[in-house]
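Participant: As given, the protein sequences belong to chains A and B, one line each in that order. Counting along the first sequence from 1, when you hit position 133 you're at 1068 in the working numbering, and nothing is skipped either side. Counting along the second sequence from 1, when you hit position 334 you're at 503 in the working numbering, and nothing is skipped either side.
Hints in this document: simulated from the structure, not taken from any laboratory. Where a beta carbon is used, it is the ideal one built from N, C-alpha and C, also for glycine. Check before you lean on any hint, since a few could be wrong.
[To be verified] Which bits of chain A does chain B cover? Going by a derived footprint, with three or more residues having C-beta under 8 angstroms, they are: (1) 1260-1272; (2) 1354-1363.
[Claimed, not checked] In silico contact screen, one side only, chain B against chain A (beta carbon under 7 angstroms); selected entries: (3) Ser-294; (4) Gly-298; (5) His-302; (6) Phe-304; (7) Ile-316; (8) Pro-322; (9) Leu-323; (10) Phe-329; (11) Met-360; (12) His-389; (13) Thr-390; (14) Phe-476; (15) Ala-477; (16) Ile-480.
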Amino acid sequence: MAIELKMPALSPTMEEGTLTRWLVKEGDPIKAGEILAEIETDKAIMEFEAVDEGVITKILIPEGSENVKVGTAIAYLGTDANDVTLDGASAETKAEESIPVAPPAKTEAAAVEEAATPSLSKVINSAPEIPEGTEFFQQTLREALRDAMAEEMRRDDRVFVMGEEVAEYQGAYKVTQGLLQEFGARRVVDTPISEYGFSGIGVGAAMEGLRPVIEFMTMNFSMQAIDHIINSAAKTHYMSGGQVRCPIVFRGPNGAAPRVGAQHTQNFGPWYAAVPGLVVLAPYDAIDAKGLLKAAIRSDDPVVFLECELLYGKTFDVPKMDDFVLPIGKARIIREGKDVTIVSYSIGVSFALTAAEALAKEGIDAEVIDLRTLRPLDKETILQSLAKTNRIVTVEDGWPVCSISSEIAAIAMEEGFDNLDAPVLRVTNADTPTPYAENLEKKGLVNPEAIIEAVRKVCYRK
Amino acid sequence: MAKATQDSNRPHKADVGSAIPNHDLPPIPGRYHADREELLEFYRRMLMIRRFEERCGQLYGLGLIAGFCHLYIGQEAVAVGLQAALQPGRDSVITGYREHGHMLAYGIDPKIVMAELTGRASGISHGKGGSMHMFSTEHKFFGGNGIVGAQVPLGAGLAFAHKYRNDGGCSAAYFGDGSANQGQVYEAYNMAALWKLPVIFVIENNGYAMGTSIQRANAHTALSERGAGFGIPALVVDGMDVLEVRGAATVAVDWVQAGKGPIILEMKTYRYRGHSMSDPARYRSREEVNDMKENHDPLDNLKKDLFAAGIPEAELVKLDEDIRQQVKEAADFAEKAPLPADEELYTNILVGKY
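Turn these sequences into a full structure, and let the hints guide you.
Facilitator: Right, dumping it as structure tokens:
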């Protein structure tokens, strides 16, 4: 009886990986627990260990192979004497006994990937700030973020990165990959697990003239440090009558990640955007992530920079420009339309674009606004679009109550009332902690179908 | 000194020997030998704080100062002694909300400190900070922080910047015995020791965290020993004697500047007034307060040294008159100075225009 060894899922967001190295060869006897191979996930290089005893009868995927999908058979393990023929073709599969793998069905991350890569006729693939004729190259969101930090660190010695696992581990989500090698331990600082403490140290260093980039492994842990973000960083410039400055960036993955439960699934956009004295950025694609992170690092103000874990591994076109810095406080019309305005940010933009494409088939031409900056909010772009379409649907990967969506609804009422032909509708996550069970989680998270439904309502269709 | 029962007022090392095996420990500081001019300067600054704070109490009663107002009376020797060992323009300082005295110890004009207390445009924070939020970037003084204990990691961050730039500077982070029970203090201790940050952690132990005595709030009251788990040495110092403080400050500055990492100075001190203006301080006996005032007052302590240096009482009386005059002028200024313009509500929120 031979067991089919399958490409394992070794992180919550892993869809495929690189089979970096085989540590065994065909014919090798294997003990349970033995390391068989090294596999590079979207986050790190992981060891793949044997569950069963046997002999490697056939290696199906050679080392160095990239983009090996989770669930792909990579080798056969013979578990009785008859198997040891080094003849993979005769091996039977016994999936239930093999290494646990991710469900082969489309995972949430795959759905997101798909949603984020629609062939959209009217999507504007570059930020309006990029000059015409600029060349583009492909880059993942995490690479764009890393390049933004590296470029700013090369430019300004005051910039340093501090956080848990940012240096030797190369970043818990690999966003700081390679920074330690280039800049050394003075400027890429691993901290103990002490969010409150190292955030305070970062703010103190910023007050003394440095430009810290503080990484939270996820923004969920920023709640441990929220006192320093608000009371120390956001308020000191004001309290000191303009004397003290606090040029610091707090960054990290924010919002939903698949199947990680309530404490690790939360959107802090509305929390931080409520605070005068902070700048809050939440880009969607790699273009904006790069241009805005560079702007954040150069800003003289404290900036909360919210990233999306589900998008870290997604590839976007990024402009080939020596020094690409985007303005803070400017939203971007990412799809032009005339019938309804869908306002969103971060991963919500991908759902909005997918919905817009589906709506186009129904004859509804949706304009999609990517806010990019949550504070200060670009009201002008929203209100101008409202004046054109007379309808707003907001889309937010977060709770509905006291949300960015609520704020947009208020702005539309207060400043755009005469242009509204329908109530503003909010499409958000459910007003609950995030559950673990796959079906409940899916039901609770914002999705294109809900957006389509809301748009039909404000357009008085069906 | 909180209970005035300490055997010796001489500085001594915190008992961390067994917790820090083979650790290089700082020497026992000597009481500082000040010359005549220095003695007078210490006296002048402490007296300025005393008279200034007394006046604050009056102005509070008149409704000219509002909100929270925490007076430094009794603790003058700590800020004055420490400040004198730091190099202006190089070393940075941060403290909590009982910071009027720290501002004055720097020699900052009492007029703009008082004008901040009355919420005027000419106040050091243009009236937008108030009693608890005063800063001076010119003096590298970073407040003026209202969240108990927050100044400790912030102070370690100031030291991080000095070490990062290798500019020879250090930081002093002052906090009280109440702050010493905040978790973030120990996060800061750990990282400061781990990264050998040049930071002096100054515990102003006045015996009471608002109304809770140190005995009622601490499982082990020797706050100086709490750095031991991180390998941080500590000195326990009579914070009612400015020359002892000044002597210990020299040892501490030398220690952190030699790259040996942080050091803790536990200053045993006492506040004569309540925690804030609204605190009647009924949690301690009149006898206890009177004993501190009569037998341990930092100004009286220094007077003995002044007399020993041959400075006549008349000179001190004259000094007091001068200071009272300056404080009166500051109070008059603070009362008459204009309020901030209405537009100031919306300024200094962000530096950038977005």
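Participant: Now, for every hint given, state plainly whether the structure supports it.
Facilitator: Hint by hint, here is what the structure shows:
1. Interface restraint, the stretch 1260-1272 of chain A with chain B: holds (3 residues with C-beta to C-beta distance below 8 angstroms; minimum three).
2. Check on the stretch 1354-1363 of chain A: 0 of its residues sit with their Cβ under 8 angstroms from a Cβ of chain B, so the three-residue criterion for coverage is violated.
3. Hint status for Ser-294 (chain B): holds, given a least beta-carbon distance of 4 angstroms to chain A, under 7 angstroms.
4. With its C-beta approaching chain A no nearer than about 4 angstroms, Gly-298 (chain B) sits inside the 7 angstroms limit, and its interface hint holds.
5. The interface hint given for His-302 (chain B) holds, since its Cβ lies 4 angstroms from the closest Cβ of chain A, which is under the 7 angstroms cut-off.
6. Annotation: interface hint on Phe-304 (chain B) holds; nearest CB of chain A at approximately 4 angstroms, less than 7 angstroms.
7. Satisfaction of the interface hint for Ile-316 (chain B) is found here, the shortest Cβ-Cβ separation to chain A being roughly 5 angstroms, below the 7 angstroms cut-off.
8. Interface hint status for Pro-322 (chain B): upheld, as the beta-carbon distance to the closest one in chain A is roughly 3 angstroms, under 7 angstroms.
9. Checking Leu-323 (chain B) against chain A by beta carbon gives a least distance of about 4 angstroms; that is within 7 angstroms, so the hint holds.
10. Below 7 angstroms, beta-carbon pairs count as interface contacts, and Phe-329 (chain B) has one with chain A at about 5 angstroms; its hint therefore holds.
11. Satisfaction of the interface hint for Met-360 (chain B) is found here, the shortest Cβ-Cβ separation to chain A being roughly 6 angstroms, below the 7 angstroms cut-off.
12. Evaluation of the His-389 (chain B) hint against chain A yields a violated restraint, the C-beta minimum of about 22 angstroms exceeding 7 angstroms.
13. Taking 7 angstroms as the C-beta contact cut-off toward chain A, the hint placing Thr-390 (chain B) at the interface is violated, the least distance being around 24 angstroms.
14. Interface restraint check for Phe-476 (chain B): the shortest CB-CB distance to chain A comes to about 41 angstroms, outside 7 angstroms, so the restraint is violated.
15. The restraint placing Ala-477 (chain B) at the interface with chain A is violated, with a minimum CB-CB distance near 41 angstroms, outside the 7 angstroms limit.
16. With a least beta-carbon distance of about 38 angstroms to chain A, the hint placing Ile-480 (chain B) at the interface is violated under the 7 angstroms criterion.
The earlier numbered hints that this structure contradicts are 2, 12, 13, 14, 15, 16.
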